[in-house]
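Trainee: Letter by letter, the chains look like this.
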Amino acid sequence: MSVGMSDWEIVFGKATGVEGDWSNAQANIVWLIRFPRVLLAGVVGGGLAVIGVVMQAVTRNPLADPFLLGISSGAALGAVSVLLMGVFGGLGIYALSLGAFLGALLAFVLVFSLAIQNGRLLPTRMILAGVAVSFMFSAVTSFITLSDDSSGAARRVLFWMLGGLSGTQWEDLTLPALALVLGIVYLMGQSRALNALIIGDETATTLGIEVHRLRRRLLVVTSLLTGLIIAVSGAIGFVGLMMPHIVRLIVGTDHRRVLPVSLLAGAVYLIWVDVMARTLFAPEEIPVGIITSLCGAPFFLWLMRRNKDAL
Amino acid sequence: MTLKARGLGWSVAAQKIIDDIRLSVDSGEFVGLLGPNGSGKSTLLRCIYRGLKPDAGTISLDGTDLLAMPPRDAARRMAVVLQETAIQFDFTVQEMVLMGRTPHKSAFDPDTSDDWEIVADALAQVNMLDFRERSFGTLSGGEKQRVLIARALAQQSQFLVLDEPTNHLDIRYQLEILGIVRELRVTTLAALHDLNLATLYCDRLYVLSEGRVVASGAPDEVVTADLIYEVYGVRADVATHQRTGRTHITYFPTSVRANA
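The listed protein sequences derive, respectively, from chains L and A.
Heads up: the first sequence begins at 0 in numbering that gives the first Met the number 0, then just goes up one per residue.
Heads up: the second sequence begins at 0 in numbering that gives the first Met the number 0, then just goes up one per residue.
Any given hint could turn out to be false.
Unchecked claim - Using C-beta positions, here's what the derived DEER-type ranges look like:
no., chain 1, residue 1, chain 2, residue 2, range
1, L, 263, A, 107, 40 to 46 angstroms
2, A, 10, L, 121, 22 to 28 angstroms
3, A, 36, L, 119, 17 to 23 angstroms
4, L, 154, A, 10, 33 to 39 angstroms
5, L, 177, A, 181, 51 to 57 angstroms
6, A, 107, L, 161, 35 to 41 angstroms
7, L, 177, A, 113, 47 to 53 angstroms
8, A, 26, L, 177, 40 to 46 angstroms
9, A, 238, L, 305, 30 to 36 angstroms
10, A, 105, L, 108, 28 to 34 angstroms
11, A, 116, L, 279, 38 to 44 angstroms
12, A, 84, L, 154, 48 to 54 angstroms
13, L, 121, A, 107, 45 to 51 angstroms
Keep in mind that the hints were calculated from the coordinates and are not lab data.
Built from N, CA and C at the ideal position, the CB exists for glycine as well.
Pulled out of the complex, with its shape left as it was, chain A reads as follows (with noise of 0.2 angstroms):
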């Protein structure tokens, strides 16, 4: 599954949040989609997973136009884990998974054996098979977190989209979240937070900064000490980690001088 987007723009009021946007994710890639709060990250991720409408562009999976795409068809090609919000009403875990099979499903379709097949499969990937009978508003945001990787999971789809899938997660959970999704070895693109951890995970990067894409290559290539100052305002050193092989940033207090 490869997904293309060409010259995407969404405005707000004659203000562009995203603008001439180009990007690509090919077929088992995990990529990163990187940039400081506000620069069009989130926005950018709506338009792709069709809850904006965006004012200009294409977007294509695998040469078809998504956006022409009826909803079904686009959500049994692409699933998405969006940031977690309260619920008002609350799912037992296994009928949140269970969700994820709604696109494939007509209107008065049952649950088959297979469905819960999937559910079960998709639970157990995440290490959450033993939590199925709980109730989804009781667990832990790095346990919703993997409930909600399984919905996906059990959508069946080729390419996965994820927004900011760590955020409020203790360190130990976003390492484990990024590690479920790496091995899954599907076609990923993310929004990331954390420089360290982007390097640490993604194949390729996209640094998104005032709406645009301002750099995007392999992640030793587009994360620099220049780059991380032009766009987060913040000093950095930027070294190869000798354990990891990656690139690590060390980032500097206000009060230390880059260069000092």
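If we strip away everything but chain L, and leave its shape as in the complex, we get (with noise of 0.2 angstroms):
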């Protein structure tokens, strides 16, 4: 069925509580189908963008991501781990949530120790701690769930990992959208120290930064964010990747407004992408993460051609 131009309308009723013409059904499809979902789309496209402007700033790599660096897998083996041994299980809809995050910590933690050497990050080994520990959790995550008896397991976990924001509800918007909004505010706190942070580690300490206990907090945060955001949205590749760039093009370096910015393209972008989801083969609907590593990765390559340093 349309819904159409009065998609809005009911938004705008459902949520001052104003009376209009529409059915229930519609009012229904609108308000607790498409507009979570929409929400879901923003939060997570700008979540991600957000992960990859500080993950690039920590690493001081411009091809820092959390699914290249293996983060992601940390966090999909801390979800599956969830979905189907049931660890946590008496925290309810938070158990995959804390998996996850607990295993974005965990993979984020071993590459950092991986890519250090010397106190000095080495760009090149962090990329390939990252290959390599994201092989490894996927490896893991891919025996746990062969190893399930239970029909449909297989299914379950393939349709999560490959990123989908289909059947999204509005409890599962609650913990991802207050995570990034705290997320957001502590980030812009430390837009400066993030400035001198890029610059390199001497640099952000002559001008009176507590290196050591910055990186520690915003391994924190980012793993959290990259968590709970997986959690609900399975494996979207190659937007915290992009957006940080593109954003960088137009407005320049300076983290007070590289990460507003980033927030608000990462989740216009994931919003359009997931239309696109939805409508391109319609009724069959595509895994948002699909369309998102179709655009992502030839940019990737277009970027590592750009940066050669890099790597």
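Assembling the complex is the task here: the two chains are given apart, and the hints tell you how they should meet.
Mentor: Structure representation (structure tokens):
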């Protein structure tokens, strides 16, 4: 059925309690199915873009992205452990988020410790460590999935991993949206520090920043955001890589501008990608992760050629 | 602003990179740190600007323990110009200099008109005001170095640390950079490579060899033919230059024997 231009009227009506001349069924489609999905696409897209900004600053590597560095596969492993093995079973709907966060944190710490040599972060090692960690975690995830006897387990996991926003409900929004709001406030407070950090650890130190403490905190904040977002969206690649670069081309490197603009750009981008995912082969829906990868992988290659020193 | 370091040491894997360093910089002085590659100059500076934590000794700034100072306080008193390294993310020149205001700012403080005035003054002092909108990555080595000095100036600290500020620069820019720093009349400690430039610009010198201070004092007392041979393994003639009035070193190629 087509709801058309009255979508916004319904959303407005629902939000303000105003009655209108729409049927209950129309209202439910818009308010319970379409609207939360659009909002979640915005939260996920904006969140992934912000994570990309922070990771690129912390690692000083323009190619850093939660997916390339294996953080996402860590989150996926955590989430799948929850889905199939019932870890943290007592936590109900938050179990998946907690699992994904812990997995992301584990992967991040692992990649970081592998990439540091004599106190220096080596960009090439970082990417290689990310790839290795990514494969390792994916292998464990596949193993858990395949050794699960229950029917439909593999399908459920695969569908989740491909990244999709279908079936979004209002409850799915709460945790990632809350984390994103708190996260962006914290990060905006650190934006001067991020500017110094992206130049170098020593420069940041001489400008009065406690580099190790800041880095540890940023690590936890980005892992938390990654985990909470991936728990509801599955693997949506390359948003965190693409958005910060496009934004920097327009507004420069100052994080006081890059952070909010990336948030916005990521949100808008993923909302439109999700529209494409729903309509390109309608009524068949394709996972958004497929479209973001199709757009993102060529972008990554272009970026790699442009920044020859990064690898 | 005076800096005093006592018994400073830092080692890695039981090898002492610097050992028992005693060094002081008095208010208004321009002090040079000399020594061959690997003598510990950079390590010593790192300990002072807190890039490394020394495992022995004390450092004080105007009598306050520098090592126990909160980083922000330290950054308000001491600005550092590091050797320029390639950066992957580009800032404009004025954004780069504005970063010098970081230690004066709390989490959500905006840039004030005062900050922009300080940035403009700093850029004017190094003759880079016309470049303020340029992207830092497109500048030449000498221009970059001047911008980094402007950033240090924007920090408005009374003590300046420079790690080989003239490295990889043409001689004209080497003279220009050191001239700019000299005219700032800020208390300065600088690691330098070139002995002739050091004697030309510095009030006092420290010479490091294998992690220890082997000589210190006024340039004409410190830089002698014997010291140069002892520390660098190079024969040289040392004389007072009649135009500059400063100690001038002429190096001999290995084919020329000393006293020949």
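Trainee: Hint by hint, say whether it matches the structure.
Mentor: Evaluated hints:
1. In this structure the hint that residue 263/L and residue 107/A lie 40 to 46 angstroms apart at CB is violated, the actual value being about 19 angstroms.
2. The given range of 22 to 28 angstroms is respected by residue 10/A and residue 121/L, whose C-beta atoms sit roughly 23 angstroms from each other.
3. In this structure the supplied range 17 to 23 angstroms holds for residue 36/A paired with residue 119/L, their Cβ-Cβ distance being about 19 angstroms.
4. Checked against the hint of 33 to 39 angstroms, the pair residue 154/L and residue 10/A fails, with Cβ atoms roughly 59 angstroms apart.
5. Remark: the range hint 51 to 57 angstroms for residue 177/L to residue 181/A is upheld by a beta-carbon distance near 56 angstroms.
6. For the hinted restraint 35 to 41 angstroms between residue 107/A and residue 161/L, the CB-CB distance of approximately 40 angstroms keeps it satisfied.
7. In this structure the hint that residue 177/L and residue 113/A lie 47 to 53 angstroms apart at CB is violated, the actual value being about 37 angstroms.
8. Checked against the hint of 40 to 46 angstroms, the C-beta distance between residue 26/A and residue 177/L comes to roughly 53 angstroms, which is inconsistent with it.
9. With their beta carbons about 53 angstroms apart, residue 238/A and residue 305/L fall outside the hinted range of 30 to 36 angstroms.
10. Restraint check, residue 105/A to residue 108/L: a C-beta distance of roughly 29 angstroms satisfies the suggested window 28 to 34 angstroms.
11. At about 54 angstroms, the CB distance of residue 116/A to residue 279/L disagrees with the hint of 38 to 44 angstroms.
12. The given range of 48 to 54 angstroms is respected by residue 84/A and residue 154/L, whose C-beta atoms sit roughly 50 angstroms from each other.
13. The supplied range of 45 to 51 angstroms is broken by residue 121/L and residue 107/A, whose beta-carbon atoms lie about 34 angstroms from each other.
Hint check: violations occur at hints 1, 4, 7, 8, 9, 11, 13; the rest are consistent with the structure.
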